[in-house]
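Enquirer: From first to last, the protein sequence lines are chains A and B.
Sequential numbering of the first sequence, starting at 1, is according to the numbering used here.
Sequential numbering of the second sequence, starting at 331, is according to the numbering used here.
Quick caveat, the hints were computed from the structure, so don't treat them as lab data.
Heads up, the beta-carbon is just placed ideally off N, CA and C, and yes, glycines get one too.
Do not take every clue at face value.
What follows is a set of in silico ranges between Cβ atoms, one per label pair, in the way DEER data are often shown [unchecked claim]: (1) G471(B) <-> A199(A): 35 to 41 Å; (2) V128(A) <-> M434(B): 27 to 33 Å; (3) M323(A) <-> M434(B): 30 to 36 Å; (4) A398(B) <-> H322(A): 35 to 41 Å; (5) H322(A) <-> A403(B): 21 to 27 Å; (6) K469(B) <-> A112(A): 43 to 49 Å; (7) N131(A) <-> D774(B): 20 to 26 Å; (8) A403(B) <-> L35(A): 39 to 45 Å; (9) G145(A) <-> R401(B): 55 to 61 Å.
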Amino acid sequence: MAVDILPVAHDARRPAWKRIGTMREAGLIAIILSLCVIMSFASPHFLTLGNFRAMLMSFSVEGIVVVGMTILLIVGGIDLSVGSVVCFSMVLSGSLFLMGVDPWTASLVGIAASAAIGCIMGFFVTVVGLNHFITSLAAMVIVRGLCLVITKGTPLSLFTLPPAFKAVGQGTFFGVPYVIVIFIAVVAVFDFLLRRATAFRKVFYTGSNEKAALYSGIKTKDVKFWVTVLCTTLSGVAGTIYMARFGAATPTFGVGMELNIIAAAVIGGASLNGGSGTILGAILGIALLSVVTSSLILLDVSVYWQDMIKGCILLAAVSIDHMLHKRKAA
Amino acid sequence: MTSETVLDIRNVSKHFGAVKALTAVNFRLERGEVHALCGENGAGKSTLMNVIAGVLQPSEGEILVEGAPVRIASPAVAQSLGIGLVHQEIALCPDATIAENMFMAATNRRRSVLMNYRKLERDAQILMNRLAPIDVRQKVGDLSISSQQLVEIAKALTLDCRVLIFDEPTAALTETEAQVLFGIIRDLKARGISIIYISHRMAEVFSLCDRVTVFRDGRYVATETVADITPDDVVRLMVGREIDQLYPEKHGQSGCVGEPILSVKKLGDGARFRDVSFELRHGEILGVGGLIGSGRTEIAEGICALRAATQGEIRLHDKVLRLRRYSDAAKAGVVYLSEDRKGSGIFLEMSIAQNIAALDLKALTSFGLLNFRKERSLAEELARRLGVRMGGVDMPVSSLSGGNQQKVSIAKQLAVNPKVILLDEPTRGIDVGAKSEIHRLLRDLARAGIGILVISSELPELIGLCDRVLVVREGGIAGEVSGDEMTEEAIMRLASGIDPEANTNSKASGHAA
């Protein structure tokens, strides 16, 4: 029986900052920092406050969607419709505003409608029994179609939005853009909840082993349903922020966004098999993609090459992680 | 029979992490013999068969086929060497027809690009007719378990084998089907094919096989000619110790006198089981035996609402239970430990503490947030009580051995202070040491007043551990044995339905059809 006694690999009671060296996030931070160092030599425009603010702005709103996607990946699901839902929330709120509805109310309706889309998807996943991939693939197409129906295919110009509303997307709070403040608040709240809240612990149980979770008295279908709704709701929130920021609503906005979002979550350590993932990792994932995009632009790399390079980075990041995990398991 | 060695296993070892499944075993198979391989569960029989069939790679040792050393890197290599394996667990494609399943392996080795489905069906039907009159155009998923087992056997027969391995082929077969199989095995033997036959059933071993090899705890014990040995000798070699020492002392020889904790009356789900009535009393361990597929698991699932029971009633401490889903059962104090530990018992990559807390989240929560300190102390206390050998409660469960993983599963159930625990195959695939620890634990829990119901396929475990054993056959209780009547023979007789009336001592309720 001596074989059962395994050496203690690490004492998990050590304070968090001492464990950082063993965490996957540390690797991502190292990659991002070294990329920044290299870029600061390669381009004089990289290491400027303006560029950093632009980069943060660029991934802040997507970052809110990444939070929802990460939690959905942890439960073992996936949502391909996030780009469409972001756009849907944007054009619905926008057209309600043009019809004379107060923009704040219009935004709340847009967010609620996005949540309703999540409820419908959740119904198909938990009651009908389809998987998340197929359900959200259908939703992606249907909701995009809805956007075209609502706008009749033409972009909505919303320059008449009141300044107080536009401030959400364009204003600053003690010099920090509201968008970034909202993003950091969402990340902080969900990172805390995911680690500490009982409801989110059930997400991990369900994603890790759905049957075992069921046998532990967890209502796994309810868990999957609500996580699906959470993801589309956060997409809806992102949509209204985009509307405030751009002062316009385009029916083709967010096409292909889902791939960026999923890539970020996966680079950050979320498993497509469910059961693992962290908010911090996913945010670092999207930060990495954003730094890469910014670098490619500053280095004057042709836009035609950019997607290809980003795809290769995704493949490399996930492969390295997979190989490291395999070695650990052996 | 010539004495030419077809397959020679020399000093083969296999480790899974720190667990040694096989330690330097030897095994020699002659041409045209039927060679039985016996051993308790976990003795390493299936591991060795998987090594021979290329499913697993040995950690050490060598394998010789007809005198030449070989490396069996995959099942495809095993097939090209003429080694076929009939799996204990059915591995068929449920959405394909019987014919397609049967020729899956053979198709893989053919060179032509296109399939001749008509010929395939015709050949499959001819082969199948030798076993049973089953239409090969049916989908495998629509078949009963015993028919699927026959398809599994037919599939092995399509290959041109010189060595054919049967891993407990009769576990899911009826008596008549088993007799047909024995005829086919004798026929194969006459054609010079060598058979490795794994079985727990001594009668089969002694009527069918020429020689028998015994394994114990992953080690080779002995090889004997069947004619020179008795079934008792084989059992003694398999167990290697006095069986009484293995199990904890029972409640009392006079039977069980305690108050009923759980009483089940005429429970049925309209499909897999019906008219199930029994009482689980204070202080006893109640065993449930029966063949695989007889409905034992379904009954347990029906009691704790994992499966909808449409008829009957369940009382816990004389109060009627109305359960709509499993979480209601757990709340009422009836918990179920699944037979499939990895599939539905544990969260492999999550920590020991997180696993133990899974059922008891409510008690660990205040204002919607988990109290990590409470979680840790709960996990540490239960892990200590159960003797889980671990680095710490923050380690992932995947770092533990099978026996300790099972203790964590049991700890998870104990966290909610259950009144009744239903355990389905609680010691399957667990080494002997951890097994007797779990037995002792169950006895302690029973003594403390928790109702313990143990489903097991292992007859020695039922007899050694339980005070009474209910035997399930075809979804009904075929009878009950206790005290001195509790023998492997009595249980097997009830389980297989041979002459139940002859067993006058058993309180057969006679519902089984």
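Enquirer: Are the hints correct? Go through all of them and say.
Expert: Do the hints match the structure? See the list:
1. G471(B) <-> A199(A): 35 to 41 Å: holds (37 Å)
2. V128(A) <-> M434(B): 27 to 33 Å: With a Cβ separation near 32 Å, V128(A) and M434(B) satisfy 27 to 33 Å, so the hint holds.
3. M323(A) <-> M434(B): 30 to 36 Å: About 33 Å separates the Cβ atoms of M323(A) and M434(B), which means 30 to 36 Å holds.
4. A398(B) <-> H322(A): 35 to 41 Å: holds (38 Å)
5. H322(A) <-> A403(B): 21 to 27 Å: With a Cβ separation near 23 Å, H322(A) and A403(B) satisfy 21 to 27 Å, so the hint holds.
6. K469(B) <-> A112(A): 43 to 49 Å: holds (46 Å)
7. N131(A) <-> D774(B): 20 to 26 Å: violated (44 Å)
8. A403(B) <-> L35(A): 39 to 45 Å: 42 Å Cβ-Cβ, so the 39 to 45 Å window holds.
9. G145(A) <-> R401(B): 55 to 61 Å: Holds, since G145(A) and R401(B) (Cβ atoms, about 57 Å apart) stay within the stated range.
Taken one by one, the earlier hints fail for this structure only at number 7.
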